[in-house]
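There are 4 protein chains.
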Amino acid sequence: MAGNSFGQLFRVTTAGESHGPGYVVVIDGVPPGMSLGEADLQPDLDRRRPGQSKITTQRDEADRAEILSGVFEGKTTGTPIAVLVRNKDQRSKDYSDIKDKYRPGHADYTFDAKYGLRDYRGGGRSSARETVSRVAAGAVAKKLLAVQGVSIVGYVKQVGAVIADVPDPAAVTLDQVEANPVRCPDPAAATRMIELIEQVRSQQDSIGGTAEIVATGVPAGWGEPVFDKLKADLGKAMFSLPAVLGVEYGAGFGVATARGSENNDAFVPGTTPGGITTTTNRHGGMLGGISSGLPIVLRCAVKPTSSLPQDQPTVTRDGQPTTIATKGRHDPCLLPRFVPMAEAMVAITLADHYLRHRAQNADR
Amino acid sequence: MAGNSFGQLFRVTTAGESHGPGYVVVIDGVPPGMSLGEADLQPDLDRRRPGQSKITTQRDEADRAEILSGVFEGKTTGTPIAVLVRNKDQRSKDYSDIKDKYRPGHADYTFDAKYGLRDYRGGGRSSARETVSRVAAGAVAKKLLAVQGVSIVGYVKQVGAVIADVPDPAAVTLDQVEANPVRCPDPAAATRMIELIEQVRSQQDSIGGTAEIVATGVPAGWGEPVFDKLKADLGKAMFSLPAVLGVEYGAGFGVATARGSENNDAFVPGTTPGGITTTTNRHGGMLGGISSGLPIVLRCAVKPTSSLPQDQPTVTRDGQPTTIATKGRHDPCLLPRFVPMAEAMVAITLADHYLRHRAQNADR
Amino acid sequence: MAGNSFGQLFRVTTAGESHGPGYVVVIDGVPPGMSLGEADLQPDLDRRRPGQSKITTQRDEADRAEILSGVFEGKTTGTPIAVLVRNKDQRSKDYSDIKDKYRPGHADYTFDAKYGLRDYRGGGRSSARETVSRVAAGAVAKKLLAVQGVSIVGYVKQVGAVIADVPDPAAVTLDQVEANPVRCPDPAAATRMIELIEQVRSQQDSIGGTAEIVATGVPAGWGEPVFDKLKADLGKAMFSLPAVLGVEYGAGFGVATARGSENNDAFVPGTTPGGITTTTNRHGGMLGGISSGLPIVLRCAVKPTSSLPQDQPTVTRDGQPTTIATKGRHDPCLLPRFVPMAEAMVAITLADHYLRHRAQNADR
Amino acid sequence: MAGNSFGQLFRVTTAGESHGPGYVVVIDGVPPGMSLGEADLQPDLDRRRPGQSKITTQRDEADRAEILSGVFEGKTTGTPIAVLVRNKDQRSKDYSDIKDKYRPGHADYTFDAKYGLRDYRGGGRSSARETVSRVAAGAVAKKLLAVQGVSIVGYVKQVGAVIADVPDPAAVTLDQVEANPVRCPDPAAATRMIELIEQVRSQQDSIGGTAEIVATGVPAGWGEPVFDKLKADLGKAMFSLPAVLGVEYGAGFGVATARGSENNDAFVPGTTPGGITTTTNRHGGMLGGISSGLPIVLRCAVKPTSSLPQDQPTVTRDGQPTTIATKGRHDPCLLPRFVPMAEAMVAITLADHYLRHRAQNADR
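Going line by line, the protein sequences match chains A, P, Z and B.
Under the numbering used here, residues 1 to 364 are what the first sequence spells out, in order.
Under the numbering used here, residues 365 to 728 are what the second sequence spells out, in order.
Under the numbering used here, residues 729 to 1092 are what the third sequence spells out, in order.
Under the numbering used here, residues 1093 to 1456 are what the fourth sequence spells out, in order.
Calculated directly from the structure, the hints in this document are not laboratory data.
Just so you know, even glycine gets a beta-carbon here, dropped at the ideal spot from N, CA and C.
Misleading hints may appear alongside valid ones.
Okay, the calculated beta carbon distance ranges per label pair [as the list claims (entries may be wrong)]: (1) A:Lys327 / P:Ala535: 35 to 43 angstroms; (2) A:Pro167 / P:Asp539: 47 to 55 angstroms; (3) Z:Ser930 / B:Thr1415: 56 to 64 angstroms; (4) P:Gly397 / Z:Lys782: 52 to 60 angstroms; (5) A:Pro219 / B:Gly1241: 23 to 31 angstroms; (6) P:Gln568 / A:Gly254: 19 to 27 angstroms; (7) P:Ala426 / Z:Ala1090: 33 to 41 angstroms.
Covered stretches of chain B (chain Z as the covering partner; in silico rule of three or more C-beta atoms under 8 angstroms from a C-beta of chain Z) [stated by the list, open to error]: (8) 1095-1103; (9) 1136-1146; (10) 1216-1225; (11) 1322-1332; (12) 1358-1364; (13) 1410-1417; (14) 1447-1454.
Working from the sequences, and respecting the hints, build out all of it.
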């Protein structure tokens, strides 16, 4: 399988390029009888779309989703749901001068090395615009999970040296996140993040950061013990997103300097009869790769946008030194639009493991 | 698929528990005609096995591998290779007093929540002893990759606050790593790491750390562009290992504070005609999820051993508060034995992507 | 995986219903650099489309394919190829009176039993119109195989009691097949088949038959030895087509009365140096599930169309006896349009095994 | 995936060769809490084993199964079940004279063409002895299905021209089948079949036949609509067995001469309130690829044993004409031992679709 599908039972297959006719996603395995319409997909597509605020790219795409199948009389039928999002504002001429140059930090060179050719119009298949398919599928996954009491909220935790103060990740609401264009629930930090992003843009530069994604309401027991640990599949999901160079759960890299006696989260009686919980959540909501009932908390490190309007040294396809300045419209910081993409992948992964769990353990 | 298989074309399936008869691994998809014998598997099994040094657990397992199939007259036949490693020193009585308690930091509770029962003898399927199967499969993968010029070396980068100085990750040799029991190529740091591990053991405690794994010789072009990015599959592979709470590539979480102009690795002409490379490797050897020809460099954060000989608060299966001290034999620091496990998973993932790449692109 | 994908490396995923907006197929894993355009898909879509002759259904669908991705400047890029075929002549009102009745021989009842609801407009996902996706994908597979010297020709072997005389299945040409609307290379039999089909239609009835599909040029060595035998995957492919109740290879059910001494095809030297062949082909081109280099010959038994304009006894959704006459436009005999569907599935299966074979055995 | 695994959720992976140390099967996805022990596997292994009666091969294998994992205190744990069956009576010297010759009807030549080498000891991986793994897995599947009220019974329907009279396939019992060594529930036909088999053996020849497998108690709703139709996956399962050249359901190839008005099984009210059934079962228990609640009835055509003690013409590895007489111990008719193999594959396929159905539709 050439890598354009994700999930075993809640299975997402995508196709499309940034400057072709559009993007398609097929979502297979959705249980029947769930109400679904295009209006369910649009909010997250709007959170992901370019041109949504002054700190994102100004490419203008309405990103309207058309459901082509799998829904009848407003309900899912159990058959595959295909969604089409056509491209509109393609401006492929913007890219003609990079046809024979490799943009630093992009996949131009590696695609060429792999396939012997590449669609040079804005990255083709490697464009982050590909995530439009994931976000559409993620919206379906979120609906399915909501019935199970699971909700997923992501936010920007860090931009450059500006770090948000988020005392309780599991208490952050979508409204708090959407209250500012940088999607940071700490208003003071948000202001400084926006200033920083505007500053780097004015300097023809870009800036990295981190995002934190939290899933609450996941019951204990989801995930498979060995290769398909929930943390493994979530990790794959996150690293499958463009620009992610690091992923961590709970205490994350902080465990390197911790002792066992301080790192173990002690089990204590829960609030429900017979229920069990932990008072701290350094484990990030999974033990042995299986959900513990605590919130799942993960963080992603996202690199600064590789495309820069300033000249950067590179080489041509035939190996000659040159320079390149990418004149396309790009985000000076990827994080604000990264949030819905990451939420979508968390949702797809959890929806898949929900179905996988009940396939084997539905009697329980 | 219930999560006990890994890989699409170089496909590994494992079974077994820490206190059952033994472990089985089936390795499917190995090309025919490669010389292979049990002697090829033993070195890495010896690096992984318990009781190998004073700073590891004293459980004594020879971990002898028996090849049951797929090899004829010293060569792989193209049919599946099954390997059996029987358990010897099981001492399951050590675990009888934890039958009705949940060990903090372990999968006892989550297995129970998932399946409604658990093999309480040393973790059963959740025991890290399960990695014996992976290391056997990894040895086969390493042999396959060696023919392609790919080699994989891992080492301990950090234990607690002790951080090794490794100027050039791609230059570290297996001999340097195996020169000391903590598997750290910086001899001075190794000495301090060993002292620290012995100290925490004397305090009935444990300590975390990080490991760095480097794959050299991977040609540009391996990996799939979207969901099965090489960084995504390697990330899944790493997070599928026990105790891993963080994974990062190249500059890793350091990208959060970086600007694009400093983070992009500039392409420059390579040493071979028409060859292309980058002078720095902040991208960690993959761009757009596809290998760039630079060394693949990744780091894993490994938590301190959860099993401690000191009393820790926990609850019983029916939710009553109690304490637990795990009297089994455990590593005070997981890192030294983690290195061959991580190398194995990197090797399996790369072997799979090598076959996947040539399936689609063998004409090139 | 909910069953809407086929193949491991040449991987086809479909979505769509007979009376929804249209059909989508995503073809993943196609090697890069192959010339491809919509004109390559149309001939087989035209052979499959309704309304093509007087002996098929009169539903009028142009079945124009739009390639949405995976092709750039006339060549495949190695990324997934999505194809969209919109529905035009849907006339869903034709089906309103069957909303609460189960058509005999159709999937109405079983879909309802499975999902608790169904798209009652012409069968929804269970409509044979779904094969439009397969035929589009099959056309891509045929192009890929043609480069390897493989060609696939199918034809109608039998309609009712009329059996074609085809002395050498491997010698039948597409031109011979397309010379008459019933797609039978024996002109005399074709005439009688057409008469029979017109007769059963005038009697408001339908008639079954068999089709024979032949793949020539497949080299020895394709197929996997155990579960994914080439005959197993081809068998699945054929049985995945609507209305197929039997599949056989070579001597087929005739082996039941054969003795080993007469059934074994003797190996003899081939025409090329060192080449090996068999003089007879009772084995149908595969031995041990792996292609032998002889033509692959298979036959499918296709039932008579279940939809009939005459009254048939059935029950309503709530189990009350009633009668039903399906007034939609239907083929009185499925065989002529079955041929391109079956060819497509053979092509997809062979393309997949071609890539699978070279993934493991590209060194050979 | 190189073809040694079967099933999506009830997933079986096998390894082993006829003259190596033994066979391994890993069964992943079995629900937890089901009682299971080696005694559950032995009856079907005994029905499959060589040397069981005078009309089978005299190779003597006890075929004792050892469960290596996945069962604790007599119950499945939800983790993978590995089963080991060691080879005993290997006599590989029997095969030394065929090292450089291709046995007609066997996979010797095609393995060589595929892999460039072969394990020439009795067919290696291509030996029908490989089905010992399937039968062990099938026994687990049967136990799982029995809880759902599903039972599977197979029998020999035809040997040469001797055809059993089986008025009601769904009424055949295991006791009737096991009442004679040829496994035919029609005692009179059984006697003639045995005579025929002894006759062909005395003539140093072999004979083909058909087997019929019936699954009763499958509720309406199992199976996926498009590629993974139940008839498609069962068809693949059957064709994955050695020597099968034809598969048919219900009316099978008889549909070719049928008219729709006679072929459609009319729906009628069932015996339970709201229940629906059909009075006839020409459809073989599946409609649109989904089970209808009627018995699933399928037939396989099994070729005569290819290995014959008489001289047969063939060629050497380097293409020179020669003759071969296979002196190993072989069944003069494969059918009696084919029955448990086919039952096993039906059971594995149904167990998989049972889990797949409830994964998506457990709410129903």
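For each hint, the structure was consulted:
1. A:Lys327 / P:Ala535: 35 to 43 angstroms: Once the Cβ atoms are compared, 39 angstroms apart, the range 35 to 43 angstroms for P:Ala535 and A:Lys327 holds.
2. A:Pro167 / P:Asp539: 47 to 55 angstroms: 49 angstroms, holds
3. Z:Ser930 / B:Thr1415: 56 to 64 angstroms: 59 angstroms, holds
4. P:Gly397 / Z:Lys782: 52 to 60 angstroms: Holds - the Cβ-Cβ distance for P:Gly397 and Z:Lys782, about 58 angstroms, lies within 52 to 60 angstroms.
5. A:Pro219 / B:Gly1241: 23 to 31 angstroms: 29 angstroms, holds
6. P:Gln568 / A:Gly254: 19 to 27 angstroms: Given about 22 angstroms between the Cβ atoms, the range holds.
7. P:Ala426 / Z:Ala1090: 33 to 41 angstroms: 38 angstroms, holds
8. 1095-1103: With 5 residues close enough to chain Z, the hint holds.
9. 1136-1146: violated (count 0)
10. 1216-1225: holds (count 3)
11. 1322-1332: holds (count 10)
12. 1358-1364: holds (count 5)
13. 1410-1417: Holds: 4 residues of the stretch 1410-1417 of chain B have a Cβ under 8 angstroms from chain Z.
14. 1447-1454: Check passed, 4 qualifying residues.
Hint check: a violation occurs at hint 9 only; the rest are consistent with the structure.
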